[in-house]
Amino acid sequence: MLLLGDEAIAQSAIDAGLSGIYAYPGTPSTEILEYVHKSKEAREKKIHSTWSTNEKTAMESALGMSYAGKRTMVCMKHVGLNVAADAFINAAITGTNGGLIVVAADDPSMHSSQNEQDSRFYGKFAMIPILEPTNQQEAYDMVRYGFAVSEKYGIPVLLRITTRLAHSRSGVLRAASLPQNEVHLPGNPKQFILLPANARKQYKTLLHNQAFFEEESENSAFNKYVDGRDKSLGVIVCGIAYNYLFENFQDTEFPYPLLKIGQYPLPYKLIKQIYNECDTILILEEGYPLLEELLRGILDNGKKILGRMDGTIPRDGELNPNIVARAFGLKEEYGFPIPEIVKSRPPSLCKGCPHIYSYNALNEALSVFAKGRVFSDIGCYTLGALEPYGAINTCVDMGASITMAKGAADAGFVPAVAVIGDSTFTHSGMTGLLDAINDRTPITVMILDNATTAMTGGQRSAATGRLEDICLGLGVEKDHIHVVNPSPKNHEENLKIINDEINYEGVSVIIPRRECIQTVARRIRDEKKEKLKQEVSD
Amino acid sequence: MKKDIILAGVGGQGILSIAAVIGMAALNSGLQLKQAEVHGMSQRGGDVHSNLRIADHEIFSDLIPFGKADLIISVEPMESLRYLPWLSKDGWLISNNVPHVNIPDYPDMAKIDEAIEAVGQHVLINADEMAKDLGMARSANIVILGAASPWLGIPYESLETAIRKIFGSKGTDVVDQNLKALAAGKAFAMIHHS
Chain H
1 MLLLGDEAIA
11 QSAIDAGLSG
21 IYAYPGTPST
31 EILEYVHKSK
41 EAREKKIHST
51 WSTNEKTAME
61 SALGMSYAGK
71 RTMVCMKHVG
81 LNVAADAFIN
91 AAITGTNGGL
101 IVVAADDPSM
111 HSSQNEQDSR
121 FYGKFAMIPI
131 LEPTNQQEAY
141 DMVRYGFAVS
151 EKYGIPVLLR
161 ITTRLAHSRS
171 GVLRAASLPQ
181 NEVHLPGNPK
191 QFILLPANAR
201 KQYKTLLHNQ
211 AFFEEESENS
221 AFNKYVDGRD
231 KSLGVIVCGI
241 AYNYLFENFQ
251 DTEFPYPLLK
261 IGQYPLPYKL
271 IKQIYNECDT
281 ILILEEGYPL
291 LEELLRGILD
301 NGKKILGRMD
311 GTIPRDGELN
321 PNIVARAFGL
331 KEEYGFPIPE
341 IVKSRPPSLC
351 KGCPHIYSYN
361 ALNEALSVFA
371 KGRVFSDIGC
381 YTLGALEPYG
391 AINTCVDMGA
401 SITMAKGAAD
411 AGFVPAVAVI
421 GDSTFTHSGM
431 TGLLDAINDR
441 TPITVMILDN
451 ATTAMTGGQR
461 SAATGRLEDI
471 CLGLGVEKDH
481 IHVVNPSPKN
491 HEENLKIIND
501 EINYEGVSVI
511 IPRRECIQTV
521 ARRIRDEKKE
531 KLKQEVSD
Chain B
1001 MKKDIILAGV
1011 GGQGILSIAA
1021 VIGMAALNSG
1031 LQLKQAEVHG
1041 MSQRGGDVHS
1051 NLRIADHEIF
1061 SDLIPFGKAD
1071 LIISVEPMES
1081 LRYLPWLSKD
1091 GWLISNNVPH
1101 VNIPDYPDMA
1111 KIDEAIEAVG
1121 QHVLINADEM
1131 AKDLGMARSA
1141 NIVILGAASP
1151 WLGIPYESLE
1161 TAIRKIFGSK
1171 GTDVVDQNLK
1181 ALAAGKAFAM
1191 IHHS
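Quick note, the sequences are listed as chains H and B, same order.
If you use my numbering, the first sequence corresponds to residues 1 to 538, in order.
If you use my numbering, the second sequence corresponds to residues 1001 to 1194, in order.
Don't take every hint at face value.
Distance condition first, Cα-Cα at most 27 Å in a straight line; then the derived DSS-like pairs of lysine-lysine [what the hints assert, rightly or not]:
hint : chain 1 : residue 1 : chain 2 : residue 2
1    : H       : K531      : B       : K1165
2    : H       : K331      : B       : K1002
3    : H       : K204      : H       : K269
4    : H       : K528      : B       : K1180
5    : B       : K1180     : H       : K529
6    : B       : K1111     : H       : K343
7    : H       : K531      : B       : K1170
8    : B       : K1165     : B       : K1132
9    : B       : K1003     : B       : K1132
Pairwise CB distance ranges, derived in the manner of DEER restraints [unchecked claim]:
hint : chain 1 : residue 1 : chain 2 : residue 2 : range
10   : H       : A148      : B       : N1028     : 51 to 59 Å
11   : H       : K533      : B       : N1028     : 24 to 32 Å
12   : H       : G187      : B       : K1165     : 48 to 56 Å
13   : B       : N1028     : H       : E387      : 40 to 48 Å
14   : H       : E387      : B       : V1174     : 33 to 41 Å
15   : H       : M1        : B       : A1137     : 43 to 51 Å
16   : H       : P337      : B       : A1110     : 18 to 26 Å
17   : B       : K1165     : H       : K533      : 17 to 25 Å
18   : B       : A1137     : H       : T280      : 53 to 61 Å
19   : H       : Y334      : B       : A1110     : 25 to 33 Å
20   : B       : K1165     : H       : K528      : 20 to 28 Å
Since the hints were derived computationally from the structure, they do not count as laboratory data.
Each residue gets a CB set at the ideal place from its N, CA and C atoms; glycine is no exception.
Please model the complete structure; the sequences and the hints are all you need to start from.
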């Protein structure tokens, strides 16, 4: 099968007896749940697959399914793991019953993200096994193996991938399909009750298991030591970096001892072996220098180590074959220079996008005030930061628009406006709105409702059509909740509403509501296709 | 045998449909394949590209190194130039010559033509017009694929078979239109390559 890395993970989970998958969409992890959701096989096997409201609810739902004895997977992008962190770290303490795999998709070089944090640190922090595949086939194999490890030790397993693997296609061979687990209670009835007395015991179990996790790593097929004749250099390579290394040595013999790492905790014996045998160590890891920092230690007074921290490899950004070639001093080829006439072409709001008209009205309403008043959030509407709109002043993390506007207003910076999408609002905006309501903070919240999670490709949004009810329920006054249609012909009317609410000394919510033009287009296309099918069968 | 191909365009232009046809044809010809795609934010009208690698041996990197691409296939002329550092000295550049202007400082088309001419081996084709003449404006991508077909290292018939499979669900008319688009692109390239 020709599969994206994400799809290979999904297919493997289906084949390994998965009973349910949970996720909130986020590039580059989105396609995992999407694949299960669209899979006919998954439907026949009655595998649960729906989007969660955020990564924390996804993580907890998965933990609940594990409690009930079934195999389950939860997927998120790297920053999603921040949202799920409370549940994630504590799931290592409770342990699991049915196999539980947490997939974190990191985005080095920040292709579609606000940072490039390395999820391996989370795995290490939680003290659980981590798997890091080299290619699509290994991603497939690791899911099956990961479920087995998870059930053997009653521990969640973290599968860490990066954008390049998530969104690259290659051939994958499937293994035989496994049956799903029966519902059964955990053997230890207290394991999931983290009262301090139980938690202390559970934590001791986790600590006790570290030695076993290390042993699994030492003996893992995913950690491989290959000897080489030239011991002047030893190379330790993690995950996808392996591909970039052998891209450079496919036609020539690789002369140095090599340690390929795909499973953590780190295989200390293997690392000791390569360190002792070689004069210098080169470390190639995609992400932060996790292994490199450990190997150097605080004093860094051992053998010479080359990596991201000494500049052999750039300190930030994704690896590629050329970066690795440079580390070995290999000759690089270079095609033609980019002509100067080539201009950058940043992403932009689609023609006819409803957000354009929300921003046009908002910009006009705020033109009489000093600049810097719009606190925004994560989604397509973040593109409002670019020209010609220049409409927003912040974008930090899911939900931060409302709470940052609140803090600024508390500081006396009024008017303060929050701009947040419908899906981001239910993900992490509702609690912040409640804070503002309880304080009667003078902020104006615009919930741009395009009825979908647009940036990641149009997934179901958790509260489509119910946003005003939620705001009302939280305590926003009825007279200060407005649903408007963001279109050119309503510009004057919308402008007046925004003006009025900016001047109101309390919480107001304006909901510009019009469906995303991408999902409209897709729906019309699908309806046409359906009609065509109907006609053929008639 | 190996062919490293960079597919270029603007988000929403559908470069992945070209990749899908080449991919299926490559697999059916018993070749291995790796294809890195761009998903997410850039798809909103920004520059997008895909690294498509096919070979009769194991492929390691998902990314093509500088100077190693055998082909740049672009559905937009300025975008074809963005990836020149990756193009091999004896590689081919195949590009549509119809600009997609969604930025205020889009360069003068004559200068783009000039820059493409300077590359050496190239085919510059008005795929939009050819597709329209064939009665199916949406098959411009397949016209461009046809124009690239002589240098793909895959039998032409395999590309035809892949088109039949991929567009089969949309009816025989769509399949025939796309086969015509493929042939028209190839015919143009055979005469106009330089």
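Here is what the structure says about each hint:
A hinted pair counts as satisfied when its Cα atoms are at most 27 Å apart, and K531 (chain H) with K1165 (chain B) qualifies at roughly 21 Å. Distance check on the hinted pair: K331 (chain H) and K1002 (chain B) sit about 20 Å apart at the alpha-carbon level, within 27 Å; holds. For a cut-off of 27 Å, the pair hint linking K204 (chain H) to K269 (chain H) stands: about 24 Å separates their Cα positions. In summary, the hint linking K528 (chain H) to K1180 (chain B) is supported, as the alpha carbons are separated by about 24 Å, within the 27 Å threshold.
For the hint pairing K1180 (chain B) with K529 (chain H), the CA-to-CA distance comes to about 23 Å; that is within 27 Å, so the pair holds. Proximity of K1111 (chain B) to K343 (chain H) is assessed by CA-CA distance (about 13 Å); at most 27 Å being required, the pair is judged to hold. Proposed proximity of K531 (chain H) and K1170 (chain B) is supported: the alpha carbons are some 12 Å apart, at most 27 Å. With a C-alpha separation of about 23 Å, the suggested pairing of K1165 (chain B) with K1132 (chain B) holds against the 27 Å cut-off.
Pair hint K1003 (chain B) plus K1132 (chain B) does not hold up; C-alpha atoms about 30 Å apart against a cutoff of 27 Å. Take A148 (chain H) and N1028 (chain B): their Cβ atoms lie about 35 Å apart, and the range 51 to 59 Å is violated. In this structure the hint that K533 (chain H) and N1028 (chain B) lie 24 to 32 Å apart at CB holds, the actual value being about 27 Å. In this structure the supplied range 48 to 56 Å holds for G187 (chain H) paired with K1165 (chain B), their Cβ-Cβ distance being about 50 Å.
Distance hint for N1028 (chain B) and E387 (chain H): a CB-CB separation of about 46 Å, consistent with the stated range 40 to 48 Å. Distance hint check for E387 (chain H) and V1174 (chain B): the Cβ-Cβ separation is about 39 Å, which falls inside the suggested range of 33 to 41 Å. For M1 (chain H) and A1137 (chain B), the Cβ-Cβ distance of about 33 Å falls outside the hinted range of 43 to 51 Å, so the restraint is violated. Restraint check, P337 (chain H) to A1110 (chain B): a C-beta distance of roughly 20 Å satisfies the suggested window 18 to 26 Å.
A hinted range of 17 to 25 Å for the beta carbons of K1165 (chain B) and K533 (chain H) is consistent with their spacing of about 18 Å. Remark: the range hint 53 to 61 Å for A1137 (chain B) to T280 (chain H) is upheld by a beta-carbon distance near 59 Å. Range check, Y334 (chain H) to A1110 (chain B): Cβ separation about 27 Å, and the 25 to 33 Å hint holds. With their beta carbons about 21 Å apart, K1165 (chain B) and K528 (chain H) fall inside the hinted range of 20 to 28 Å.
In this structure, the hints that do not hold are numbers 9, 10 and 15, in rising order.
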